[in-house]
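Let the sequences and hints guide you as you build the complete structure.
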Amino acid sequence: MIEKMDKSRFNLLKWLTIGWAIWFGTYILRDWLDDKLIFGSLILIGFIGWILFTLNLIKYLKLGKKVHSDEKLKEALNNELYQQYNLKSFFWGFWVIVAVISIFFLISSFYSEISAMLVCEITLFFGVLAPLIARLIYNKD
Amino acid sequence: MGSCELRNQIRIQRAIKNITQEELAAEVGVTRKTINTIENGKFVPTTVLAIRLARYFGIKVEELFELIEK
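These protein sequence lines are chains A and B, in that order. Position 64 of the first sequence, counting from 1, maps to 64 under the working numbering, and the rest follow consecutively. Take the position in the second sequence, starting the count at 1, then add 1000; the result is the number in the working numbering.
Hints listed in this document are in silico derivations from the structure and should not be mistaken for laboratory results. It is possible that part of the hints are untrue.
Claimed, not checked - Output of the computed footprint for chain B on chain A, the stretches with three or more beta carbons under 8 angstroms from beta carbons of chain B:
(1) 69-79
(2) 104-115
To be verified - Derived CB-CB ranges, DEER-like:
(3) A/103 x B/1007: 55 to 63 angstroms
(4) B/1011 x A/29: 48 to 56 angstroms
(5) B/1011 x A/48: 39 to 47 angstroms
(6) A/8 x B/1012: 54 to 62 angstroms
(7) A/33 x B/1006: 24 to 32 angstroms
(8) A/94 x B/1027: 36 to 44 angstroms
As the list claims (entries may be wrong) - Below, in silico cross-link-like pairs of lysine-lysine (DSS-like), each with a Cα-Cα straight-line distance of 25 angstroms or less:
(9) A/59 x A/36
(10) A/59 x A/72
(11) A/74 x B/1070
(12) A/66 x A/4
(13) A/66 x A/36
(14) A/140 x B/1042
(15) A/88 x B/1042
(16) A/14 x B/1017
(17) A/14 x A/36
(18) B/1070 x B/1060
(19) A/36 x A/65
(20) A/140 x A/36
(21) B/1060 x A/4
(22) A/72 x A/36
(23) A/62 x A/88
(24) A/7 x A/140
(25) B/1042 x A/72
(26) A/74 x A/7
(27) B/1042 x A/7
(28) A/36 x A/88
(29) A/59 x A/74
(30) B/1017 x A/4
(31) B/1070 x B/1017
(32) A/4 x A/36
Positions of the beta carbon are idealized from the N, C-alpha and C atoms, including for glycine.
Structure below.
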């Protein structure tokens, strides 16, 4: 039961990450394209990514609720090891956000002005993606 | 005080009992990953888990875990 839930949590996190990368990745790319055909394809791919992300996020939250409501599951699936993984993953997220903002800061200082919207989109994209990927790597054997 | 290392006998005890990491994990109520990281010295278990493991193997905690001062 515990092992099965751990595996299912890992898979949900994996698909959630893939969904986010597809959905928000295509969302950012759409701003740079003029070709209507590619633009249309990106909307479709992005929609699939959004569905993947949303469905897996709902399932992940449901699983989290189940784990927190059961003492045995909480002890097994949210013990110090997993809390350590969460902390390390957020640590990675923080430094990736700092790095992305620093790069934008450098570009805007030396070369040209950048759209605030683009900065927000890219920072958000990497800010969410980095801890998710880090969590998957830590959780893997 | 210098650095220290926590060595354990879990692999040996598992071999004596002839059980897998997954079976041991189920017995003490944790994931296989938790047992694997403890066994490889990547994760220091909580006191509760250390006692549970020692009880399962029928030995003292000090026999299962050894603190090596460097």
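### Query
When you check the alpha-carbon spacing of residue 36 of chain A and residue 88 of chain A, does it fall within 25 angstroms?
42 angstroms, violated
_residue 62 of chain A paired with residue 88 of chain A [C-alpha distance capped at 25 angstroms]_ = It holds: about 23 angstroms lies between the C-alpha atoms, which stays within 25 angstroms.
Q | 25 angstroms limit on alpha-carbon distance, applied to hinted pair residue 59 of chain A and residue 72 of chain A | A | With a Cα-Cα distance of about 20 angstroms, the restraint between residue 59 of chain A and residue 72 of chain A holds, given a limit of 25 angstroms.
Given the proposed pairing of residue 1042 of chain B with residue 72 of chain A, does the C-alpha separation stay at or below 25 angstroms? Between residue 1042 of chain B and residue 72 of chain A the Cα gap is close to 23 angstroms, so the pair holds against 25 angstroms.
*asked:* 24 to 32 angstroms was suggested as the range; check whether the CB atoms of residue 33 of chain A and residue 1006 of chain B agree with it.
replied: Violated, at about 55 angstroms.
Note to self: Assuming the hint says 48 to 56 angstroms, is it satisfied by the Cβ distance from residue 1011 of chain B to residue 29 of chain A or not?
What the structure shows: 49 angstroms, holds
- Task: Would you mind confirming whether the straight-line C-alpha gap from residue 66 of chain A to residue 4 of chain A stays at or under 25 angstroms?
- Result: 14 angstroms, holds
**Item:** Coverage criterion applied to the stretch 69-79 of chain A (partner chain B; beta-carbon cut 8 angstroms; 3 residues)
**Value:** holds (count 5)
TODO: Assess, step by step, whether the Cα of residue 7 of chain A is no farther than 25 angstroms from the Cα of residue 140 of chain A, and give holds or violated.
DONE: 10 angstroms, holds
*Assessment of proposed distance window 39 to 47 angstroms (beta carbons of residue 1011 of chain B, residue 48 of chain A)*: 45 angstroms Cβ-Cβ, so the 39 to 47 angstroms window holds.
| said: residue 14 of chain A and residue 36 of chain A were given as a pair; does the straight-line alpha-carbon distance stay at or below 25 angstroms? | reply: The hint is violated at about 31 angstroms.
_Restraint status (C-alpha distance of residue 4 of chain A to residue 36 of chain A at most 25 angstroms)_ = 45 angstroms, violated
Against the hints set out earlier in the document, violations occur for numbers 2, 3, 6, 7, 9, 11, 13, 16, 17, 19, 20, 21, 22, 28, 31, 32.
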